[in-house]
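Participant: All chains should be built: construct the whole structure from the sequences, respecting the hints.
To convert, count from 1 in the sequence shown and add 19; that's the working numbering.
One should not assume that every hint holds.
As the list claims (entries may be wrong) - In silico lysine-lysine, DSS-like type, Cα no more than 27 Å apart, as pairs:
#, residue 1, residue 2
1, K123, K108
2, K40, K108
3, K123, K40
These are calculated hints, taken from the structure and not from any lab test.
Note that this is a predicted model, so its numbers are computed, not measured.
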Amino acid sequence: MLAGVRPDHILEAWGGEIHGKDLGEWGGEVTFREQNGHEYQLIDDNSRGIFDMPYGVIAITGLAHLGENRGSVYVIRRGNSTNRVTATKTLTLPGWPCETIASKNEIMLRVFRGYGPVPDRPSSPLYACYSLQSPSTVQPTVCPAVIPEGCFH
20 MLAGVRPDHI LEAWGGEIHG KDLGEWGGEV TFREQNGHEY QLIDDNSRGI
70 FDMPYGVIAI TGLAHLGENR GSVYVIRRGN STNRVTATKT LTLPGWPCET
120 IASKNEIMLR VFRGYGPVPD RPSSPLYACY SLQSPSTVQP TVCPAVIPEG
170 CFH
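Facilitator: Put into structure tokens, the structure is as follows:
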């Protein structure tokens, strides 16, 4: 576990807290901290967002660095028999989710797709947007207005 690193994302759940950390190329994780302070790792990957959605608690993870470009969706649950919180991967994304925004029923993802030509430039980062509508259903959607960094903020 990445002790001493402040979480980028925190979600209160099941009497404790889910913590998400993103240190880019140096790693990241999603952990659960019980009410008594005991903390354990759920996911060994960079956290890109943790959301309490109508269809469950969702963690988005991923990384784009030195030719690596990956992302995943996980459902986080409190187990019945062990009472331990666990994470189950439900979807592989087509790239690194550089930005995530949740609304009532969906999570908007702007996903890095690599580099390619754009008007007046030989190469620029390319992004595609997706709507996560369930833990295992993602649909292409129209991206909000393009901004220089390519992400939502």
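Participant: Would you mind marking each hint as holding or not holding in the structure?
Facilitator: Status of each hint after checking the structure:
The straight-line distance between the Cα atoms of K123 and K108 is roughly 22 Å, inside the 27 Å bound, and the hint therefore holds. Under the criterion of a C-alpha separation no larger than 27 Å, the hint pairing K40 with K108 is consistent with the structure, at around 17 Å. Under the criterion of a C-alpha separation no larger than 27 Å, the hint pairing K123 with K40 is consistent with the structure, at around 24 Å.
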